[in-house]
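A.B. asks: Sequence:
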Amino acid sequence: MYSIVFFLPCILISLMLIFGNFLGVFYISLFVIFITLILFFISIFIFYEVCICGFNSNLVLFNWVNCDYIYINFEFYFDFLSTLMYLMIITISLFVYIYSIEYMYNDPYYIRFMFYLVLFTYFMTILIFSSNFLQFFLGWEGVGIISYLLINFWYTRIEANRSAIKAVLLNKIGDIGLYFSMVSFYYFFKTLDFSVIFLIVPDFYNLENYFYLTKNLYFYELDIICFFLFIAVIGKSAQLGLHIWLADAMEGPTPVSALIHAATMVTAGVFLLIRMSFIFEFSKNILIFIVILGSLTSFLSSLIGLVQYDLKKIIAYSTCSQLGYMVTICGLSGYNYALFHMFNHAFFKALLFLFAGSLIILFNGEQDIRKMFIGPILYPLLNIILLIASFSLIGIPFFSGFYSKEIILENIYFSFTISGFFGYWLGALTMLCTSLYSLKIFFFLFYNYYNIKYVISNINIKTIIYIKALVKFVLISLLFCSVISGFFFQDLLIGFGFDKLFNSIYIISFNEINFFEFLPIFIKLLPLIFTFLGFFLSFFVYNYIWNIFIFINCYFIFDFFKNKVYFDILIYYLLELYFFFIYDILFKLLDKNLFDIFGPRGVVYFLYFNWIKINKGQTGHLFEFLDLIYLFLINFFFLIFLLNLNYENLIILLNIYLLLFCFDFLNFKKINV
Numbered sequence: 004m005y006s007i008v009f010f011l012p013c014i015l016i017s018l019m020l021i022f023g024n025f026l027g028v029f030y031i032s033l034f035v036i037f038i039t040l041i042l043f044f045i046s047i048f049i050f051y052e053v054c055i056c057g058f059n060s061n062l063v064l065f066n067w068v069n070c071d072y073i074y075i076n077f078e079f080y081f082d083f084l085s086t087l088m089y090l091m092i093i094t095i096s097l098f099v100y101i102y103s104i105e106y107m108y109n110d111p112y113y114i115r116f117m118f119y120l121v122l123f124t125y126f127m128t129i130l131i132f133s134s135n136f137l138q139f140f141l142g143w144e145g146v147g148i149i150s151y152l153l154i155n156f157w158y159t160r161i162e163a164n165r166s167a168i169k170a171v172l173l174n175k176i177g178d179i180g181l182y183f184s185m186v187s188f189y190y191f192f193k194t195l196d197f198s199v200i201f202l203i204v205p206d207f208y209n210l211e212n213y214f215y216l217t218k219n220l221y222f223y224e225l226d227i228i229c230f231f232l233f234i235a236v237i238g239k240s241a242q243l244g245l246h247i248w249l250a251d252a253m254e255g256p257t258p259v260s261a262l263i264h265a266a267t268m269v270t271a272g273v274f275l276l277i278r279m280s281f282i283f284e285f286s287k288n289i290l291i292f293i294v295i296l297g298s299l300t301s302f303l304s305s306l307i308g309l310v311q312y313d314l315k316k317i318i319a320y321s322t323c324s325q326l327g328y329m330v331t332i333c334g335l336s337g338y339n340y341a342l343f344h345m346f347n348h349a350f351f352k353a354l355l356f357l358f359a360g361s362l363i364i365l366f367n368g369e370q371d372i373r374k375m376f377i378g379p380i381l382y383p384l385l386n387i388i389l390l391i392a393s394f395s396l397i398g399i400p401f402f403s404g405f406y407s408k409e410i411i412l413e414n415i416y417f418s419f420t421i422s423g424f425f426g427y428w429l430g431a432l433t434m435l436c437t438s439l440y441s442l443k444i445f446f447f448l449f450y451n452y453y454n455i456k457y458v459i460s461n462i463n464i465k466t467i468i469y470i471k472a473l474v475k476f477v478l479i480s481l482l483f484c485s486v487i488s489g490f491f492f493q494d495l496l497i498g499f500g501f502d503k504l505f506n507s508i509y510i511i512s513f514n515e516i517n518f519f520e521f522l523p524i525f526i527k528l529l530p531l532i533f534t535f536l537g538f539f540l541s542f543f544v545y546n547y548i549w550n551i552f553i554f555i556n557c558y559f560i561f562d563f564f565k566n567k568v569y570f571d572i573l574i575y576y577l578l579e580l581y582f583f584f585i586y587d588i589l590f591k592l593l594d595k596n597l598f599d600i601f602g603p604r605g606v607v608y609f610l611y612f613n614w615i616k617i618n619k620g621q622t623g624h625l626f627e628f629l630d631l632i633y634l635f636l637i638n639f640f641f642l643i644f645l646l647n648l649n650y651e652n653l654i655i656l657l658n659i660y661l662l663l664f665c666f667d668f669l670n671f672k673k674i675n676v
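In terms of the working numbering, the sequence shown opens at residue 4 and continues consecutively.
One or more of the hints may lead you astray.
[To be verified] Derived pair list, reagent style BS3-like, types lysine-lysine, alpha-carbon separation capped at 27 angstroms:
id: 1; residue 1: Lys527; residue 2: Lys374
id: 2; residue 1: Lys475; residue 2: Lys316
id: 3; residue 1: Lys316; residue 2: Lys471
Think of the hints as simulated: they come from the structure by calculation, not from any bench.
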């Protein structure tokens, strides 16, 4: 049964690749939905056996590498973490496939688009079920390459080309980090298998292995390995510094954005953190760095999203902000809380993106919220969907986001560390900003009458397209999941029933959740206070004093966040410096000049031109040939005696010079050859 997870998508991919054009759009859509539906029911069955009953298992498919000391199997490891992730991925993928049938049906390259989506999900499946680093790296690279193809699906658009190239280049930085960590693990542990590495790491930590740069400058080797692992997380999960590709990835079709942000690519980095929890726990310095960077990412991304007007980019920056929450709590050893929030986040973020796609269809491709207005009456379903999805994202009580975000912030404060307090206050302020930009979309689309005149004059209400049945089914299903996921999965992941997680991720204490009840009431209510403060503040601002925001355009701080904190410009200048160093210094100065002059080409040119001069000196006279022979003999004997030059050798050398000179002068005449 478990092997179907691997072989059934292979059959679907082969079928689409070979017979896609022959079967046509209808049958390809039918096969994709049918096979994905089978995988969905299988994922529920595996979830019951592994997560509920606690039966972990390994499925060895074939021997992959058998060379010298390296012995690697291509196997799927079914534990709590991988099984829950697979349930989330296959559920979101099923909804995105159904949505894509209506969204992309009239596209001339629809079959290629569906092929990319199926391959995207398949590589993510390989990644989450990996039992070794090499197989994990295969899924990691596959997800990155397919994301490039999906973002650049409409390749005739220059912005899509630029965004795809930016995404793949910045992700390559993370890939290099993962590659270095993989090589380091094999160098130190002589294996790439996760289970073996997890067993060896405590002993390796106790041996206190250090990497010395100088006598007084050294680093703990495990810190270096974890640093490379976290570089991979920064690249894939778009943390501060490498986050600029995430918003630009919105140039792809909306189903791609939903799949990337909700269940596949950006969650791969957080999944790596959770999977490697048994390693990160022995690197306390890197954990502090993770907390600081994650909290800064969450806060700054929410500020950037607050001043954006592109509908999909606002939702993209909210993804970046929520990923910051997950990374922050991982830095404080709350891996199960990060997993719980990632599970909830997948549903309401997919709902938000697919809602945005429906709205873009209604307004014929328009994405600027200042040019959209449909009112509270025209599409009441969209009104309800956006409101509930926003409530889940904000963390309003009894919605899915509330159950995970509140417990995350309480756990951050409960660490009682400086980095924990830093992360807690930034997280609380982030909840205020999240309320503002989430409800900004809601008020602009349904209750903002400042731009209604522009919308009515530019868009004919009769041209607005009717939402089709499949799209409604997907939106309502995701709406249902967004409401109930937090309540139904709370005990399984963070409550008293999460004991089966001990075999999958690192958990500090089984009864730790009991101590949250003894936190000060102000600390427990502060995130909720900020949430409702942002709610009422957004209602007041966007309805009555929106002109204040237009006035703020004059100030530098507004432009500072509107231009994404100038990270694009910073990275541009860093690349300019890098290319200057690579081309002007290394290539033009060293390679073309220094190495060519003193290297093989310079030697060849020197011998060639000097040989021409020597050739011109060969006149054909016998005495000149004999002079050259004498000169060679003299220098030869001189070098021999130079090695051991004493009084006797000096007399012998002078006599040789004298004899050769006399011989040349007395016995030869200038005659032609």
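A.B. asks: Does each hint hold? Answer for all of them.
C.D. replies: Cross-check of the supplied hints:
1. Lys527 / Lys374: Violated, at about 40 angstroms.
2. Lys475 / Lys316: OK: Lys475 and Lys316 at ~23 angstroms, within 27 angstroms.
3. Lys316 / Lys471: The hint holds at about 25 angstroms.
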